[in-house]
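Engineer: Read off the chains here:
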Amino acid sequence: MSEAARSQAPGSMDSAPLLETSGLTKSFRSLVALRDQAIVVRPGEIVGVIGPNGSGKSTFFNLVSGFLRPDSGSVRFDGQPIERRSAAEIVRLGIARTFQGTRLFKALSVAENVRAAAQLRHPSSMLDALVGTPRLRRAARRVDAITGELLGLVGLTGRAGVRAGDLPYGDQRRLELVRALATQPRLLMLDEPAAGMDAAETRELMDLVDRIRRRFGVAVIVVEHDMDLIMNLCERIQVLAHGQTIFEGAPAEVQAHPKVREVYLGHA
Amino acid sequence: MNPGLYIAQQVINAISLGSLYALVAIGLSMVFGILRMTNFAHGDMMMVGAFGTLLLGFAGLPFWLAALGGIAIGALAGVIVERVAYRPVRGAPDVSLLLTSLAVTYILENLGILIFSSSPRNFPLPDWMNVALQFYDGQLTFTQINVVTVVATAVSLGFLGWFVTRTNAGIGMRAAAEDLQAAQLVGLDVDRLIVVAFAIASAFAGLAGVLWAAQSGIVEPHMGFTPLLKAFVAAIIGGFGSIAGALIGGFVLGALEIFIVAFLPSAVSPYRDAIVFALLIAFLLFRPNGLLNRSQEIKL
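Those protein sequence lines, which keep their order, are chains A and B.
Residues in the first sequence are numbered from 1 upward in steps of one, following UniProt numbering.
Residues in the second sequence are numbered from 1 upward in steps of one, following UniProt numbering.
Chain A on its own, in the form it takes in the complex (with noise of 0.2 Å):
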């Protein structure tokens, strides 16, 4: 990505935080996973969160998006605190997340994992479906439309009736994304998104990525291992390691920063 291109990104700094955490902690028995993390996302910025493993990464995650309560702390979105919430009432309020290493309906097609998210904006009751009401089919006809845009997008239009467990790992991953993004989400977390793809794959998801931020104006939350996909990618990083917030600033500062150097880097 140029850096013109990064400069039109609609992320800005004097836009109301979108995602804003703070003294966000979190421990297991005796082991604190996360201490006193706080984060702020702006609407449409793409923001990446590093750290070695066990640095806290995927509590964050799991505390954001609802798999976790916090042990002390807040979450806000948009505002309204959210670290009570569950994790299907977040999806509504509009962040969708991704998992390590996909969690797709394997047994649906690739269609249907889309469709199976994108009538969250667009209900049909069952009375509906049975009696074929205007509204019933309103709502299939955009749920339809929303499922070829966004296999469209992702060059899987041609594989629509494919069972999803019989995809190429990359197109699960990108299945995956597209699912997320179908519930029409403002912030879209991504957990290590390009674990286990070659360079080539890594490089094309990164510009898919940028692609979707641009095309849909939603934020994004990258949580990587791969230095160099959050480097490209992200206006912004912090750096985690064992609980703690370390460094955060623009990927050129990180990669200077003689403190993440030591720790995440040499480990690297």
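These are calculated hints, taken from the structure and not from any lab test.
Every residue, glycine too, gets a C-beta built ideally from N, C-alpha and C.
Among the hints, erroneous ones may be present.
Beta-carbon label-pair distances, calculated as ranges [unchecked claim]:
| # | chain 1 | residue 1 | chain 2 | residue 2 | range |
| --- | --- | --- | --- | --- | --- |
| 1 | A | Gln-100 | B | Tyr-271 | 50 to 56 Å |
| 2 | B | Asn-122 | A | Lys-106 | 46 to 52 Å |
| 3 | A | Asp-166 | B | Gly-158 | 22 to 28 Å |
| 4 | B | Ser-96 | A | Ser-27 | 24 to 30 Å |
| 5 | B | Pro-265 | A | Asp-166 | 45 to 51 Å |
| 6 | B | Val-151 | A | Arg-214 | 28 to 34 Å |
| 7 | B | Ser-216 | A | Pro-134 | 43 to 49 Å |
| 8 | B | Gly-91 | A | Lys-106 | 20 to 26 Å |
| 9 | A | Asn-232 | B | Gln-181 | 28 to 34 Å |
Simulated coverage check for chain A against chain B, where a stretch passes if three residues somewhere in it have a Cβ under 8 Å from a Cβ of chain B [what the hints assert, rightly or not]:
| # | segment |
| --- | --- |
| 10 | 79 to 92 |
| 11 | 107 to 115 |
| 12 | 133 to 145 |
| 13 | 177 to 187 |
Fit chain B to the known structure of chain A by using the hints.
Structural biologist: Positioned in the frame of chain A, the structure of chain B alone reads:
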């Protein structure tokens, strides 16, 4: 007697019995697919459906309308049981759900005894349904009830097939059955999908109850017990949690039961159920994922 016709007759009997097993097994598997719970009260929805039909018949409705009403009452009963009994214990250890469903069985069957007494009642049918159709000098015989059974099952299965592949709710239900947590994560309203699953499963059981009562001519509070056990075997043969598996398992079991009696020496006939349950044990030991190899992990 013409052996070809004899075999044809047994195949007809097998399809008729298999239809009933399939109807009950599908509901059992559907609920298990999402909740990982064996719903022992599922068989009682047969009783509710049959008694509902009986009562509406007494009230003066024509049979087919009474039957539709009975099925609807069965579906409603399933939804109420889910809301009142199962939802509050969801998330508790699996054994709690299982015990709750046993408790619901006792409550429903005793409620049935309280209202209708434990003695069997006649299940009145319109005359045309009892008409036997005879071909080849009576070598091939079936009643209109058999025809109704097979047609009603085919229509129900057609509806189910359409529902789970063509509607958003059906796709959501299959997604929830595969990974409940991921389903919540893509925003599926899991509570609603569970209600829909119970409604369809219980309507199918209600229909099976009406057909069962029509074939046997009687209704009684414990009528769901044996079919439930058989449906359980059918679901395991096909692969517990899989709708297609339950369908296949139902017909395989129906055929097996009929053929054991029809084609093996008559000394073997009394052991029909023993053979069926031995097969269940064999499946659990050697092919726990069923014929389709699609079973979800079984938790009893």
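Engineer: Report the numbers of all earlier hints that the structure fails to satisfy, in ascending order.
Structural biologist: 6
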